[in-house]
Amino acid sequence: MSVIDKNYRQKCWLARDEYWKCLDMNTEDKEKCLKYRQLFESSCPATWVTHFDQKRDYDIFKQQLAVGQVETDKLKSIKQQPTP
Amino acid sequence: MSIISHLLSIRTSIYLTRNILRPTSRLIQNRFVSSTSLLLNKPDIKSSTIPLELPSSEKKKAKYNISWKTVTVTVLGGASLIAFIYYLDQRKAKNRRKLQRAAVGKMAIGGPFSLITHDKKPVTDKDFHGQWLLIYFGFTHCPDICPEELEKLAEITKTLYKQKNKQQYPFQPVFVSVDPERDTPELISRYLKDYSSHFIGLTGTREQVADMCKHYRVYFSQGPKVGDDYIVDHAIIMYLINPNGDFVDYYGRNKSAKEVADAIEQHMNTFKEMNK
Chain A
1 MSVIDKNYRQ KCWLARDEYW KCLDMNTEDK EKCLKYRQLF ESSCPATWVT
51 HFDQKRDYDI FKQQLAVGQV ETDKLKSIKQ QPTP
Chain B
1 MSIISHLLSI RTSIYLTRNI LRPTSRLIQN RFVSSTSLLL NKPDIKSSTI
51 PLELPSSEKK KAKYNISWKT VTVTVLGGAS LIAFIYYLDQ RKAKNRRKLQ
101 RAAVGKMAIG GPFSLITHDK KPVTDKDFHG QWLLIYFGFT HCPDICPEEL
151 EKLAEITKTL YKQKNKQQYP FQPVFVSVDP ERDTPELISR YLKDYSSHFI
201 GLTGTREQVA DMCKHYRVYF SQGPKVGDDY IVDHAIIMYL INPNGDFVDY
251 YGRNKSAKEV ADAIEQHMNT FKEMNK
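Chains as they are written, first to last, in full-length UniProt numbering: chain A, 1 to 84; chain B, 1 to 276.
Same shape as in the complex, but just chain A (with noise of 0.2 Å):
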C-alpha cells in the first residue's frame, strides 16, 4: 500500500476525519480521542500526519481569529516571528 493508491488515500482521509470529529466533540481533548488518534496515525504517512496536525491547528486559530478571541500577546508573538 502507498499513497499512490487511491483507496489507501481514501483510508487515511477517512481516519483523519473521524479523529478530527471526535476532537471536536470533545472540546479538543486528545485524551479522550487516543483510540482514534491511533488508527489515523496507524493509516496515514507520519509525514502526512504531520501535514494535517499543523493544518487542524492553523484552521482552529483561523477560525478564533475570525471570531475574536485571540488573545492580544498571542498575536504580537506571531507578528514578532521572522519569516521564513
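Derived by calculation from the structure, the hints in this document are not laboratory data.
All the pointers check out, no bait thrown in.
No more than 30 Å apart at the CA atoms, straight line, and that leaves these computed lysine-lysine pairs for BS3-like: (1) A/Lys55 - B/Lys225; (2) A/Lys62 - B/Lys225; (3) B/Lys193 - B/Lys258; (4) B/Lys272 - B/Lys255; (5) B/Lys255 - A/Lys62.
Listed below are several chain B residues computed to face chain A (Cβ distance under 10 Å; list not exhaustive): (6) Thr140; (7) His141; (8) Pro147; (9) Leu187; (10) Gly227.
In this text, a Cβ means the ideal position worked out from N, Cα and C, and glycines have one as well.
Please arrange chain B on chain A, whose structure you already have, making use of the hints.
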C-alpha cells in the same frame, strides 16, 4: 435719353415673356396684344409692374425643382456618410485591438520546457502548440491539496470535453511533478489513472523541472524528511496556455471547477474571434 430707356425696357420685358412662356402659343399672342396696349395707353406704370411678377414665378419653379433633387441627394449623401463613418469606426476599433495586443506583448509567465511524459515520451512546449493547456504543478505524495485540485481538473476536463465539437483547438490537461526524485513516469502514470484518462503527466531531471518552474514562477520547496518521506511545499495554481503557446490566465484554489471551465470557454471564444 428717356425714349431710348423706354424702348429698352419694353424689349427686355418681351424677351423674358417669350423665354418663360415658350411652350404655349396662346399666351404669347396675348402678351403681344397687352404689350401693344401698353405703348398706346400708360407705358410707364404697367411696364414697372411686369418685372416684379416674373422673378416670383421663376422662384416658385426653382424651389420645386431644387427641393425634389435636394431630398434625393441629401438622403443618398447622408447614407454614404453614415456608411463611411461606420467603416472608419470599425477600422479604428480593429487597429486599437491590435495595438493593445502589441503593446501588452507577452506576459512574463510561461516559456520553453523539455520534459518526459508518463509514457516516457520526450516532449517540449512546441509539441503542445495547437492545443489549449491547463497546467497544474503538484506531486504524487501530496496529502490533500493536490488530490482535491486534480479532482477539480478532472471535472473541468469532463466539462470541456463535452463541448469538444464546438472547440477550434483541443483542450489538454497537464500535470507537472515538482518532486522528480520520487515521481517516475510509472508512478505518475498510476497516479493519474485515478483522475482522468485525458491527463498527461510530465516529469524530468531536477534541473529540467526547476527550469520550467522558474519560467512559470512556481514556488516549490522540499520539506523536512521523516525517514524516507517528505512533503513538497508548492504554489497551488493552474495555468492556461493558448494554442500559440502563450500564457493567458491562471486559476487559484478559490475557483470552482465550473468557474474555471466557464472562464476557459470564454478565452477560447475570444481567441477564435481575434484570429478570424
